[in-house]
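K.L.:
Residues per chain, in single letters:
Protein chains: 2
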Amino acid sequence: MESLFIGVDVGGMSIKAGLVDSEGNIVYKSTRKTNAIDGGPGVLLQDIKELLKEQIKYAKTHDGEVKGIGFGIPGVVNNDLGTIDYACNLGVENLNLRSYLSDLKIPVCLSNDASVACLGEERFGAAKEYDNVVMLTLGTGVGGGVVIDDKLFEGVEGKGTELGHMTIVVDGEQCSCGRKGCFETYASASALLRMTKSEMIKNRHSLMWEYCNRSLEDVDGLTSFECAKKGDVSAQIVIDTYVKYLSEGILNLCNIFRPQVILLGGGISNQGDYLVDKVVKYCEERNYGYKNTPKVEIRIATLKNDAGIVGAACLAMDNVKEKN
Amino acid sequence: MESLFIGVDVGGMSIKAGLVDSEGNIVYKSTRKTNAIDGGPGVLLQDIKELLKEQIKYAKTHDGEVKGIGFGIPGVVNNDLGTIDYACNLGVENLNLRSYLSDLKIPVCLSNDASVACLGEERFGAAKEYDNVVMLTLGTGVGGGVVIDDKLFEGVEGKGTELGHMTIVVDGEQCSCGRKGCFETYASASALLRMTKSEMIKNRHSLMWEYCNRSLEDVDGLTSFECAKKGDVSAQIVIDTYVKYLSEGILNLCNIFRPQVILLGGGISNQGDYLVDKVVKYCEERNYGYKNTPKVEIRIATLKNDAGIVGAACLAMDNVKEKN
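Protein chains in written order, with numbering that gives the first Met the number 0: chain Y, 0 to 323; chain B, 0 to 323.
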């Protein structure tokens with residue numbers, strides 16, 4: 000029988016799960032719509048369990064055995080206790096996931112979603128030849144994951160590596176965490192939208208107005224990138240500003256962790272080399288320390304939508320290995 | 000024969016070395032003046048070797064055996080190669096310390112001075128009951144050390160944890176590293192002096208003028224603290240400003256590493272509870288995340304001038320243990 004691991008990527012609108020083999024291949028994948036916020040934690044738990052049962056059944060009928068289950072949670076967890084402490088996008092607080100799933104008799108472990116994505120990329124994705132990796136997910140917010148010496152680093156109780164909540168501008172933009180000037184408020188997709196709109200208001204002749212049907216409501220994460228590529232000066236100002244703040248945060252993480260590679264994931268990372276080239280240029284001119292200091296590579300994450308599933312399965316693999 | 004370890008704290012003006020037992024006690028200590036900058040690396044190496052020979056001799060005549068030698072270097076090192084890559088305060092570049100000391104036939108390892116101080120405090124100082132510690136040395140610059148799971152974390156090639164070179168104000172004060180707005184430019188003793196002078200110029204009636212004989216040249220790290228304690232409003236503004244920036248950096252490190260404790264060392268930390276109480280108050284009001292997130296303790300380091308010796312000896316202990 001082949002050993003398999005279930006990786007579960009929990010979101011507010013859908014739960015994605017996959018059976019992953021020890022080489023990181025997803026052998027079976029399924030998705031279930033959920034409505035965690037309106038349905039309440041009971042509905043979410045039920046949906047998760049049904050999805051897991053389906054996966055376990057598939058494994059059994061295909062000569063596989065599920066050795067462990069890992070979760071990537073968009074929020075704060077406590078893996079010692081097996082609880083989701085707080086996840087506002089799921090409307091969940093102090094929920095003991097592990098004890099609810101104990102009847103499955105399979106070890107359950109959980110971590111933050113950006114953390115498991117980083118672990119997945121380090122093992123089977125964009126950084127598979129490295130052991131020291133920092134990953135940033137550039138979406139609505141900025142998530143962060145850190146792998147040190149091939150092991151997920153999470154801080155005490157798994158509460159660390161909130162890399163998006165590192166202030167880079169004291170007294171800067173208000174952040175949802177209560178502080179001001181967090182990296183997230185300058186490097187997230189939401190920040191890019193704010194910068195785009197602000198620049199558009201300054202320049203009524205920018206191509207960006209055409210691109211979004213002359214309506215600020217239609218501005219999205221592509222507006223500035225697409226128009227900058229077409230030569231629009233205002234759009235280029237937006238991108239340069241965004242790249243500057245993103246790079247300042249990246250340089251901080253280089254100096255703090257000195258990893259082998261920093262990976263960029265999330266929606267904005269779809270800009271690929273166009274984004275990476277600009278970030279690398281900014282960072283190389285400001286690399287800390289003396290010429291002997293090793294440069295940190297910057298790459299786009301490659302597992303894309305599967306990063307959560309694969310990463311959560313890796314977490315389960317490590318968890319089982321640790322216990323044996 | 001008792002196993003002993005030599006810890007060496009290398010500075011531009013003096014080299015301090017100590018024989019440390021496995022309980023962290025310094026059983027013998029000696030200091031040698033040096034003049035690394037004027038004398039050149041040859042003089043520095045010679046001074047180091049003579050100091051080591053003296054320590055080894057003392058060990059032998061007191062029924063001890065030196066099992067390892069550790070160095071704390073004010074600069075960038077490569078412990079894989081045994082080199083000091085760059086240390087401007089020593090006037091040294093690409094110096095192979097390990098190979099120069101190979102005739103002693105004792106394993107040699109080296110790290111950054113703030114890193115070894117953190118290790119020393121974690122093992123035998125202010126954080127001896129903890130395994131996850133971040134330390135900041137608040138001196139001319141801001142040094143940083145990180146211990147994770149009882150192991151010194153140094154990043155690739157030992158080039159990481161330059162915590163003073165995390166930008167907290169994009170486009171802020173110019174830093175010697177080439178970037179702007181580094182934590183060091185707001186939380187070092189030099190930053191405190193700048194803030195003190197700037198506030199004094201604004202208020203010619205401040206008590207601080209009396210305290211420093213009406214001369215800006217006589218301003219030191221105590222001026223604002225002493226006058227603030229006496230109720231001088233301008234001095235209190237300086238301290239509040241300093242505490243704000245220091246705390247913002249500390250909050251960043253809480254969110255990034257979520258350690259059990261953050262230690263403050265270096266000259267400014269002599270302010271003790273007066274400083275800690277203000278920092279704790281600032282941080283508690285801005286603690287990241289939900290109420291379940293563990294609070295990070297903030298403490299003053301306790302090994303003081305011995306932190307370098309004890310920490311470097313701990314590095315040697317770990318190095319020897321790893322090889323066996």
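Derived from the structure by calculation, the hints contain no laboratory data.
A portion of the hints provided could be inaccurate.
No copy labels: a pair is met if it fits in one copy or bridges any two.
Unchecked claim - Keeping only pairs whose Cα atoms sit at most 27 Å apart, straight-line, the calculated DSSO-like set for lysine-lysine is: (1) K59 / K243; (2) K294 / K179; (3) K228 / K48; (4) K322 / K56; (5) K104 / K127; (6) K243 / K303; (7) K15 / K229; (8) K104 / K294; (9) K320 / K150; (10) K150 / K294.
K.L.:
When Cα atoms must be at most 27 Å apart, do K320 and K150 count as within-copy, between-copy, both, or neither?
P.N.:
Answer is both: 12 Å inside a copy and 21 Å across each meet the 27 Å cutoff.
K.L.:
Using 27 Å as the alpha carbon limit, work out where K104 and K294 are close: within a copy, between copies, both or neither.
P.N.:
neither (46 Å within a copy, 34 Å between copies)
K.L.:
Evaluate K104 and K127 at a C-alpha cut-off of 27 Å and name the case that applies: within, between, both or neither.
P.N.:
neither (31 Å within a copy, 39 Å between copies)
K.L.:
With identical chains treated as interchangeable, where does the CA-CA distance between K15 and K229 reach 27 Å or less: within a copy, between copies, both, or neither?
P.N.:
neither (37 Å within a copy, 62 Å between copies)
K.L.:
Is it within, between, both, or neither for K294 and K179, if the alpha carbons may be no more than 27 Å apart?
P.N.:
between (30 Å within a copy, 19 Å between copies)
K.L.:
With identical chains, the pair K150 and K294 could be close in the same copy or across copies; at 27 Å between alpha carbons, which is it: within, between, both, or neither?
P.N.:
Cα proximity of K150 and K294: in one copy and across copies (22 Å, 24 Å).
K.L.:
Are the CA atoms of K59 and K243 at most 27 Å apart within a copy, between copies, both, or neither?
P.N.:
neither (51 Å within a copy, 58 Å between copies)
K.L.:
First find the shortest C-alpha distance between K243 and K303 inside one copy, then the shortest across copies, and answer within, between, both or neither for a cut-off of 27 Å.
P.N.:
within (24 Å within a copy, 39 Å between copies)
K.L.:
Is it within a copy, between copies, both, or neither that the alpha carbon of K322 lies no farther than 27 Å from that of K56?
P.N.:
This pair counts as within: shortest intra-copy Cα distance 24 Å, inter-copy 47 Å.
K.L.:
With identical chains, the pair K228 and K48 could be close in the same copy or across copies; at 27 Å between alpha carbons, which is it: within, between, both, or neither?
P.N.:
Classified as neither; 46 Å inside a copy, 60 Å across copies.
Violated hints, listed in ascending order, are 1, 3, 5, 7 and 8; each of the other numbered hints is respected by the structure.
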